[in-house]
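Start from chain U and add chain C according to the hints.
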Amino acid sequence: MDHFDADILILGAGGAGLRAAIAAAQSAPNLTIALVSKVYPMRSHTVAAEGGSAGVVQAHDSLDNHFNDTVSGGDWLCEQDVVEYFVEHCTPEMVQLEHWGCPWSRKPDGHINVRAFGGMKIERTWFAADRSGFHILHTLFQTSTQFPSIKRFDEYFCVDLLAEDGRVQGAVVLSLSTGEFTAIHARAVVIATGGAGRVFRQNTNGGIVTGDGMALAYRHGVPLRDMEFVQYHPTCLPGTGILITEACRGEGAFLLNKDGKRYLEDYGLGPAEPKPRNKFMELGPRDRLSQAFWHEQRKGRTVTTPQGEAVLLDLRHLGRAKIKERLPLICELAEQFMGIDPTTAPIPVRPAVHYTMGGVLVDIHTASPLAGLFAAGECSSVGIHGANRLGSNSLAELSVFGRVAGEQAVEFARGSSATRRSDQAAAVEARALALLGQKGEGEHHAALRAEMGASMEKGCGIYRLGSEMQGTCNTMGQLRQRYAGITLEDKSRAWNTDWVTAIELGFQLEVAQAMAHSALARTESRGAHQRLDGFEKRDDANFLRHSLAHYRGADAPDITYGPVTITKSPPGQRAYGALGEQAEAAGKGAAVAAGSPPAPKDIAHA
Amino acid sequence: MPDSMRRTKSIELRVLRYRPASDREPAFVSYVVPYSDDMSVLQALQSIKDAQDGSLSFRWSCRMAVCGSCGMMINGEPKLACNTFVRDLAGKAAVIEPLQNFPIERDLVVTVGDFVKKIESIYPYIMPKVAKPIEDGAYLQTPAQMMAYESFSDCINCMLCYAACPQFGANPDFIGPGAMAMLQRYNSDSRDGGRQLRLDQIHGEDGVWACTAVGMCSDVCPKQVDPANAVNQNKTNSALDFFLRAVRPGPRP
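Going down the list, the sequences are from chains U and C. Here the first sequence stands for residues 3 to 608, numbered as in this note's numbering. Here the second sequence stands for residues 2 to 254, numbered as in this note's numbering.
One chain only, chain U, in its complex shape:
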């Protein structure tokens, strides 16, 4: 095995990992930064983000507005001190990206343009047409190439962390190209490996989004927080799950049922006006819109496509010029994958899993409870999304907290002693090789992956039942047992994707199990976690708390709870449309103290 000595190791080179690497390189040019990614950095899934990134810029907007939208959007399960820090730093980060060359769309006078987004009171979403994540990622990657202290390990896959003496000491990585292992020794490690949406059958995520970093931290005793909160994006192509950006609605698109009705007005989001106001109708938050789809489908008001039920996303009234200028990627995707020209026909869409709100438990400094281990971006739970993330807060998150993680890793590395090389790395390599050679029971892992996806969709979907969640918990336990007996078809070393996807599946099953058990244990409804089995209401008295899933080896996780930090927004009624406006007009009277919540608007039985 090769050894590489770094000061800082960053796992994942998407938006958060690259931002962390640049921050570390800028603040400490003399430190060596190992940047590991299982794909070339520009392939990372940040590339697929479309709509844009939040940052207050308009004179009639305020940081308080962004704070309030984020906290109510998260159904008050947010760390409010972290949200305060976040909203203050979004705009400087967006400016930084601009200085690095990100081609943000402009107004005719050359100033940055912003668009409306769901659940946001004022337009504050910076965008680069509808390729915002693509441009952010490429800008960060290209910018990173000017820092010689960043040593990239492209197409290296992390199989395990090295942790000893109560702190993280590096990781063991596998070269996809050669199948050989390298131990990277580092005084601080940043996990920036993205989400875990691929544990669900129908999702918007790239194949690489397999929860690797979450599972790595979890196995080393770091709790996974709020894993029951999984975001269904309301507008995705049926069948493939390909994302059709919320920016369509930000630009004014309508959602119609099979009768041509803008059905969202039936779900507490109305009134339906020709141009949706912010936080009304199509500009409601993602959880509410996905839930409305579920009801429409049950009522038989969806359209049937060869790939399943759908509603219609209608852009036609925006006019061809605007659609082509603001949404070129959507035009391309609709044309290529559905054979539809959105300037002349509506696009069939349905919800699909999009984002993991929970993740590796970290504090406001992105530090996990394991000394020296940091996490940023979708893999982390720094606490800004709560029970439901608002669109355009995640690209902002990876910029703001990617930078924090890079700087904090530098601080930690400077203040800590050198790592020591133990025989742990050899044991990690031996375990990975054992899977490669395992005789097993002859079962191939593809079957397990399909069963995992179907079971997660059934038990942990848009609406949830205790019995079905229990079924999914049971299935995940069984799949983990079967996983221990799988047999690989490919025993070679170079570019053995059979092997690597099998290791990924091991990560996925553990993360999926944490999600299912966290969901089952939360006997209330909040944000993206909606139950239909007697727990339809939010229960602040018992559940204004973060869930924490603790790893217990081959057994199911322990679920415990931790406090939520509330600084200036006591839990109030979460409402949109006219109801939200009334609540706001009533001033802060809508907000009540924790422990005596008002009856939440019960859309489940609207």
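To be clear, the hints were calculated from the coordinates, so they are not data collected in a lab. Worth double-checking, as some hints may not be accurate.
[To be verified] If you want the footprint, here are the derived chain C segments under chain U, 3+ residues with CB under 8 Å: (1) 20 to 30; (2) 70 to 80; (3) 121 to 128; (4) 138 to 150; (5) 169 to 181.
[Claimed, not checked] Below are the SDA-like pairs computed for lysine to any residue, each with C-alpha atoms no more than 25 Å apart in a straight line: (6) U:Lys460 - C:Ser48; (7) C:Lys133 - U:Asn115; (8) U:Lys109 - C:Ala149; (9) U:Lys301 - U:Gly468.
We treat Cβ as the ideally placed atom computed from N, Cα and C, and that holds for glycine.
Only chain C this time, still in chain U's reference frame:
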């Protein structure tokens, strides 16, 4: 990715396989794949891997033609597998090969590292013409100024243009269309002051003048980046720079 459309038809895919540990040279292996009309070539390869032969290796991720991972030769043309559909290949056996002009590492996986080094060699980042602190906000850039570089910034680094480029096929050291498009992206950006440094990179014999203006690069680009246009602009700039240098003080080219 399962879908609910029934896979009632089938197609033969002839896939070029090469496993370095056991194969002397690449050879075709045939697979018969049931398909539905919405099935991409990528999904067909995935179904082979899941149901027929777990040892088949290929890169993929986003499935929506933006990550640039799944470039390969499909019936002799460089394409993204994710947005090429099996229905369009039906009628006879389809031939799937790794991207042309690159060394094969295994099966459909080719070496990407040299391409990435070329990108890195052209200083692919803003060297500010006028430095500006973050507190002073964003640079102004009119829509017209953006238009000068925007299409070149849409390159997804999928390398299809390199597979199509006869010059790159003949000379792997040629800087190539993708890197030239990126160079033009930065040189045309109103915020940037690094133009001279980049032009110096492409004056040489493996630089812009190695291009023989065949234009295949733009034909195969899945994002309409038009690298041929970038190369042309590079040639103009390179020539202009060459003559300007002859009349101004400093080192001669």
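Results of checking the hints against the structure:
1. 20 to 30: holds (count 4)
2. 70 to 80: violated (count 1)
3. 121 to 128: holds (count 5)
4. 138 to 150: Held - the stretch 138 to 150 of chain C has 10 residues with a Cβ nearer than 8 Å to chain U, which meets the minimum of three.
5. 169 to 181: violated (count 0)
6. U:Lys460 - C:Ser48: holds (23 Å)
7. C:Lys133 - U:Asn115: Roughly 20 Å between the alpha carbons, so the hint for Lys133 of chain C and Asn115 of chain U holds.
8. U:Lys109 - C:Ala149: holds (16 Å)
9. U:Lys301 - U:Gly468: The given pair, whose Cα atoms are some 23 Å apart, holds under the 25 Å limit.
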